[in-house]
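Novice: Sequence:
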Amino acid sequence: MCGIHGFTWDNREAIDRMIKVSNSRGPDGNGFYKDNTITLGHNLLAITESAKSSAQPWHITENKILCFNGEIYNYKEIKSKLEKLGHFFKTDGDTEVLAKGLLEWGNSCIDKLDGMFAISLYDKSTRTLTLTRDSSGTKPLYWAKDKRGVSFSSSLKSILTLGYSRKLDKLGYKLYDAFGYLPGPKTLIKGINKLYPGQCIEFNVDNGSIINDRRIDFTYKTKLIDSVDHSEFRSAVSESVKNCIMGKRQIGLYLSGGLDSNMILHELVKYKNKPKTFTTRFETANNHKDKTNDDADVALEVSKIYNTEHTELLITTDDFLDVIDECALALEEPRHNKNTPAYYLLNRELARQGIVVTLSGDGGDEVLTGYDRHYDYINNTCNDLSDYWPLFQHGVKKDEDIIEYIKSWFPISNFTKDILNNQLYLESLLFLPEDYLIRNDKLGMHFSMEARFPFTTNSFKKYALSIPSKLKYNEKYMKALARNSYKELLPSSVINKKKSGWSLSKHLLVNKKIQNEYIIPTLSEDYYKEINPVYEKDGKYRNFPVDGRYKTSYVKVMNFKTWAKNFKITM
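For the sequence shown, the numbering used here gives the first residue as 1, with consecutive numbering after it.
Keep in mind the hints are simulated off the structure, nothing from the lab.
Quick caveat, the model's predicted, so the values are computed rather than measured.
Heads up, some of the hints might be wrong.
[Stated by the list, open to error] Heads up, simulated EDC-like pairs for lysine to aspartate or glutamate below, C-alpha to C-alpha not over 16 angstroms straight-line: (1) Lys338 with Asp435; (2) Lys499 with Asp294; (3) Lys398 with Asp229; (4) Lys100 with Asp123; (5) Lys476 with Asp376; (6) Lys499 with Asp401; (7) Lys157 with Glu326; (8) Lys506 with Glu301; (9) Lys512 with Glu326; (10) Lys167 with Glu525; (11) Lys512 with Glu239; (12) Lys513 with Glu239; (13) Lys407 with Asp372; (14) Lys565 with Asp294; (15) Lys565 with Asp526; (16) Lys497 with Glu309; (17) Lys462 with Asp322; (18) Lys34 with Glu77; (19) Lys112 with Asp217; (20) Lys513 with Asp547; (21) Lys170 with Asp399; (22) Lys272 with Glu239; (23) Lys157 with Asp35; (24) Lys499 with Glu475; (25) Lys34 with Glu13; (26) Lys487 with Asp229; (27) Lys190 with Asp146; (28) Lys90 with Glu49; (29) Lys513 with Asp322; (30) Lys512 with Glu475; (31) Lys223 with Asp387; (32) Lys568 with Asp325; (33) Lys497 with Asp526; (34) Lys170 with Asp418; (35) Lys124 with Asp35; (36) Lys174 with Asp526; (37) Lys272 with Glu309; (38) Lys417 with Asp372; (39) Lys270 with Asp294; (40) Lys124 with Asp217.
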């Protein structure tokens, strides 16, 4: 839902540009507010209410102006509390509830929210601007500061319209080179920051100084229990799915052969008679089957069992090549994932079919266990943050700059004695938001769709992280608790399927056309020479062996160079 923008100076033309660039984030309307101190803008994607009822910026009072992007899943519960305190409501949506919650409780209201959001609150009386990002990091929010003042936006492209330099941030690139994404507050562009998951910053609008910089309250405690009731677990999943389908717009589910999306589907049919489901099938050599399409095969089987309106989108070589640049522009920051053009194509297909809200299983692996690496933490001892994955991968553990950067914002105080749960929590704040969730937000909003993730709601995360990790896996499977809870309900092809990952076919990645039109040209020294100094070592350009093979080590470089070219990044 929506895009929010603003800056602490007066310029109507500049806010109009920011709104226009982010039109796909909110095609149902836009609005602005300005005075001599601040200018605010909003793109509206109306989901829970009509465009007229949820128009923003929202005047809470004459002195408090709200811009909000996202959904508050527990807004009805908050509304009930506010009504008991004497508040009356003119609408049935969450924006008015958030506004009156902020009026009643001030910024502490944010700690009561269970949802995905980016919020800006301008208070004339205190001369402050407060920016907040939800504790799962589902919604992005960028900010910058220069001699003009402070600016912010849901979109990197929009904030760049304010004329900031497009110079590469050296620490940002070091983080990208290490991880393949950027955790925490850094971006790849010098001077432009993003709020880390759960961050809440209060600025003085007169001089741009930070008055308060805190984290939204999110704590969990591992319970001292020896078993988990399977019906209780299913109820927790069901309630989170129910919360994530709030609104009046068409919903679509990304359905794979994996357990997470199938658990969501099982619960979704309780609330939607015939949901729409979507998956991809990848082009393979001579149309022969290979394991690449195992997920598609299982998804097709399940869709028939649950009688969904199922769409399979075939991803071909030409499809992939056609959208590489479009995908880089939509994503706004590079990731190391080789599949993003395919994600882009699937998002486009959902939008073509009228979908406005999407559901996916992202986040399940990060709170319920799901990766083979999680076995490493069963009997492990971790004495420091750097002992956890991914902080020790690829030599990162030896890089003090990166370790100190992560420690500067990651809430290690939330760690418990359960080492594996600590690992899960770390993953939920590093790569989950900045690789998976924001990817879905950016690609979805490019086509005016809002992405929602039932396994990342505060209520479900706290519940899942409260379960001792030893109850979540067995010798054969990670996510054993989830499998056992649904083993009598989901088909055996889902329950017994080992994690394979949603990925492009080997045929597509290594065929001659991909080699000649994408891999070799992009890795060459002649491709966007402005960024070549990044790959210099000892005064010489670090040549990549461009033999046409689609290696994992190449993907990170190719995606970065494609992004740098499209965003005109300089050194």
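Novice: Could you run down the list of hints and mark each one as holding or not?
Specialist: Right, here's what the structure says about each hint:
no. : hint               : in the structure
1   : Lys338 with Asp435 : holds (12 angstroms)
2   : Lys499 with Asp294 : holds (11 angstroms)
3   : Lys398 with Asp229 : violated (43 angstroms)
4   : Lys100 with Asp123 : holds (14 angstroms)
5   : Lys476 with Asp376 : holds (14 angstroms)
6   : Lys499 with Asp401 : violated (34 angstroms)
7   : Lys157 with Glu326 : holds (13 angstroms)
8   : Lys506 with Glu301 : violated (23 angstroms)
9   : Lys512 with Glu326 : violated (22 angstroms)
10  : Lys167 with Glu525 : violated (20 angstroms)
11  : Lys512 with Glu239 : violated (48 angstroms)
12  : Lys513 with Glu239 : violated (47 angstroms)
13  : Lys407 with Asp372 : violated (25 angstroms)
14  : Lys565 with Asp294 : violated (35 angstroms)
15  : Lys565 with Asp526 : holds (12 angstroms)
16  : Lys497 with Glu309 : violated (23 angstroms)
17  : Lys462 with Asp322 : violated (42 angstroms)
18  : Lys34 with Glu77   : violated (33 angstroms)
19  : Lys112 with Asp217 : holds (9 angstroms)
20  : Lys513 with Asp547 : holds (13 angstroms)
21  : Lys170 with Asp399 : holds (14 angstroms)
22  : Lys272 with Glu239 : holds (14 angstroms)
23  : Lys157 with Asp35  : violated (24 angstroms)
24  : Lys499 with Glu475 : holds (15 angstroms)
25  : Lys34 with Glu13   : holds (11 angstroms)
26  : Lys487 with Asp229 : holds (14 angstroms)
27  : Lys190 with Asp146 : holds (12 angstroms)
28  : Lys90 with Glu49   : holds (11 angstroms)
29  : Lys513 with Asp322 : holds (12 angstroms)
30  : Lys512 with Glu475 : violated (42 angstroms)
31  : Lys223 with Asp387 : violated (24 angstroms)
32  : Lys568 with Asp325 : holds (13 angstroms)
33  : Lys497 with Asp526 : violated (44 angstroms)
34  : Lys170 with Asp418 : violated (35 angstroms)
35  : Lys124 with Asp35  : holds (10 angstroms)
36  : Lys174 with Asp526 : violated (23 angstroms)
37  : Lys272 with Glu309 : holds (12 angstroms)
38  : Lys417 with Asp372 : violated (21 angstroms)
39  : Lys270 with Asp294 : violated (27 angstroms)
40  : Lys124 with Asp217 : violated (26 angstroms)
Of the numbered hints given earlier, the model fails hints 3, 6, 8, 9, 10, 11, 12, 13, 14, 16, 17, 18, 23, 30, 31, 33, 34, 36, 38, 39, 40; all others are met.
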